[in-house]
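Visitor: When you get a sec, could you build the whole thing from the sequences and use the hints?
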Amino acid sequence: MKTRLLIAAVLAVFVTTLVSAQSNALDKFFTSYMDDPSFTVVTISPKMFQMISKLDMEDMEPEVKDLLNNIKGLRILAREDYDGRQLYNEASSKINANEYDELLRVRDKDENVRIFVKAQGDVINELLLIVGGASEFVMLDLTGSIDLKTVGKLGGALDVPGIKHLEKMDEKH
Amino acid sequence: MSLQTFNSQVLPLRDKLYRFSLRIVGNTQDAEDVVQEVMVRVWKKKEDWKQWSNIEAMCMTITRNLSIDKKRNKHNRVADMPDHYDEPSGDATPDEVTASNDMMSQIRAMMDELPEKQRSIIQLRDIEGYAYKEIAEILEIPLNQVKINLHRARLFLKEKIVKAKSYGF
Amino acid sequence: MDSNQVRILLEKYWQGETSVVEESRLKAYFRSDDVAEELEQYRALFQFFDAEALIKFHPESKTPIVKSTTIRILSSAWVRGAAAAVVLALGIYFYMIPGQENIDMRDVTYIDTYESPELAYEEAKKALFYLSGKMNKGVSTAANSLDKMRTLDEIVNAN
Numbered sequence: 289m290k291t292r293l294l295i296a297a298v299l300a301v302f303v304t305t306l307v308s309a310q311s312n313a314l315d316k317f318f319t320s321y322m323d324d325p326s327f328t329v330v331t332i333s334p335k336m337f338q339m340i341s342k343l344d345m346e347d348m349e350p351e352v353k354d355l356l357n358n359i360k361g362l363r364i365l366a367r368e369d370y371d372g373r374q375l376y377n378e379a380s381s382k383i384n385a386n387e388y389d390e391l392l393r394v395r396d397k398d399e400n401v402r403i404f405v406k407a408q409g410d411v412i413n414e415l416l417l418i419v420g421g422a423s424e425f426v427m428l429d430l431t432g433s434i435d436l437k438t439v440g441k442l443g444g445a446l447d448v449p450g451i452k453h454l455e456k457m458d459e460k461h
Numbered sequence: 716m717s718l719q720t721f722n723s724q725v726l727p728l729r730d731k732l733y734r735f736s737l738r739i740v741g742n743t744q745d746a747e748d749v750v751q752e753v754m755v756r757v758w759k760k761k762e763d764w765k766q767w768s769n770i771e772a773m774c775m776t777i778t779r780n781l782s783i784d785k786k787r788n789k790h791n792r793v794a795d796m797p798d799h800y801d802e803p804s805g806d807a808t809p810d811e812v813t814a815s816n817d818m819m820s821q822i823r824a825m826m827d828e829l830p831e832k833q834r835s836i837i838q839l840r841d842i843e844g845y846a847y848k849e850i851a852e853i854l855e856i857p858l859n860q861v862k863i864n865l866h867r868a869r870l871f872l873k874e875k876i877v878k879a880k881s882y883g884f
Numbered sequence: 089m090d091s092n093q094v095r096i097l098l099e100k101y102w103q104g105e106t107s108v109v110e111e112s113r114l115k116a117y118f119r120s121d122d123v124a125e126e127l128e129q130y131r132a133l134f135q136f137f138d139a140e141a142l143i144k145f146h147p148e149s150k151t152p153i154v155k156s157t158t159i160r161i162l163s164s165a166w167v168r169g170a171a172a173a174v175v176l177a178l179g180i181y182f183y184m185i186p187g188q189e190n191i192d193m194r195d196v197t198y199i200d201t202y203e204s205p206e207l208a209y210e211e212a213k214k215a216l217f218y219l220s221g222k223m224n225k226g227v228s229t230a231a232n233s234l235d236k237m238r239t240l241d242e243i244v245n246a247n
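Residue numbers (the numbering used here), protein chains in the order written: chain B, 289 to 461; chain D, 716 to 884; chain V, 89 to 247.
Hints were generated in silico from the structure; no laboratory data involved. Nothing false has been slipped in among the hints.
Restricting the straight-line Cα-Cα distance to at most 35 angstroms, the calculated cross-link-like pairs of lysine-lysine (DSBU-like) are:
1) D/Lys878 with V/Lys144
2) D/Lys760 with B/Lys397
3) V/Lys115 with D/Lys848
4) D/Lys759 with V/Lys144
5) B/Lys397 with D/Lys761
6) B/Lys353 with D/Lys761
7) D/Lys760 with B/Lys353
8) B/Lys316 with B/Lys342
Guide: In C-alpha cells:
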C-alpha cells in the first residue's frame, strides 16, 4: 500500500512538471492518437533500453546489438489494415522544417515514405520514419545516437507489406 | 490488436504460470526465468493465437514443458528441492500464512515426493481450481487419467499425513 | 458444515470425486476454528493450498510495478488500451533528475509498453529491421533526387 502511495505522489509531481513542459506538434500528434484502440502504440524508454543492453541473448547480431546500445528511446504509432495516406499527410505537416532535416522521400504505387533526422554534426540523434500506405500507417521515432550505416546494413526486406508481418523474419534473423 | 490481447489475456496469467513453474522447478529464480521465457515465446507466436482454442491452457502447457526441461537440465535431486524452496528469497512465502511454517514445509516436502504429473495435478486442481477438462488439456493427457492421477496423489498425501501424525509430528 | 458431512466429503475428496465447489467448502471448513479433533490433522493440507494460491510473480514488496488502474486516477490520457503493467517508479525517478538526460521531457509518451527487456528487445529489433527496409528502399529508388541521395551517402559514409 505504501508503495502505491509513493508512486501516486511521484506521478502527481510528474504530471505537474509535465504540464509546464513544452511539447511540440509531433508530441501532440502522438498523444492525440495514443488512446485510440485502433492504433498500435509501442514505447520503449531509455531505462528499458538500458536493460536491453544488459541482456545476454545468444542470437543477437552484432549490428543489432550496436544499434540498441546507442538508442535511447523508441516510439511507434501505427495503424494497420487502414489507408494510411491521410495520416501520413497529417503527420508530415506536423514536422517542423526548422527542427528536422528530410533525409529521404520515396513515393511509389504502394506507399509514401519519409525519413527525417535531427543531426548534430555527423551524429544523428533523432530519426523519424513516416510511412503511409494503402493498408497501413506507421510513424517511428528513434532517439539516441543512430548510425545510419549500421541501420542500412541490417538489410531489412524492401517489400515488406506491413510492420505486423515482420514476425516472418524471425525465422531468418 | 495483438498487443491488447497480450496485455489483457496473457500478462495476467503470470502469477499462475509462476506458481505452476515453481511447483516443478523448485526454486524462485528458475521459475521466474521460465515465466519470462513463456512470455517471449507466446508473444513471438502471435500469429498462431487464433488457432489456439484456449490461450490460458496453452500458456500453462508451455510453462510446464519449459519447467520440466529446465529441471532436467539442472539434474536436481528430489532431496534438494525443499531446501531451495525454503531459502529466504523473500518472495515465495506470502504474509498471510497463518499455519505454522513447520507444517507448511512438511506438506511441501510431501508434495515434492510426488511424481511430477501428480504434483502438477494437485497444483492445477487444489491450488488453481481448474476443471478436469482444463487439466487434461494443459497436461495433454486423456480426461480419465486426470481423475485417476488426482486420486493417487491425494491418497498419497493422506497416507503421509496420517503417518506423520502417528509419529507425533 | 458438521463434521459428519465433512467426513463424507473428505472421503469423496481422496477418491477424486469432489467438485470444485465441494473442495472450496472443505477449504473453508479447515479455515474455521471449529475443526473436529480427528480431522485436525488435515488442516495443514488445505491451508497449504490456500497459502500457495497467494504466491505472486511480483510481490509488491519487491518490484514497484504499477497497474494501469492506479495511473487512471491521475490521468486517463496516459493509459493506452487494456491493463498493461508498467514499470514506472524507477523510470520516473530517472526522468526527474535534472540534467541527467538530453532527451527533452516528452515523457508522457515514454511509458513503457513492455514490461520485460526481452519483449522490448524483440520489438525494437523488428522496428530496426523495418526502418532498414524503408531506408534501403529509399536509397535504391530512382525517384529520389540526387541531392537527397548524396546527403544520405555523405552521412552514411562519414566514418
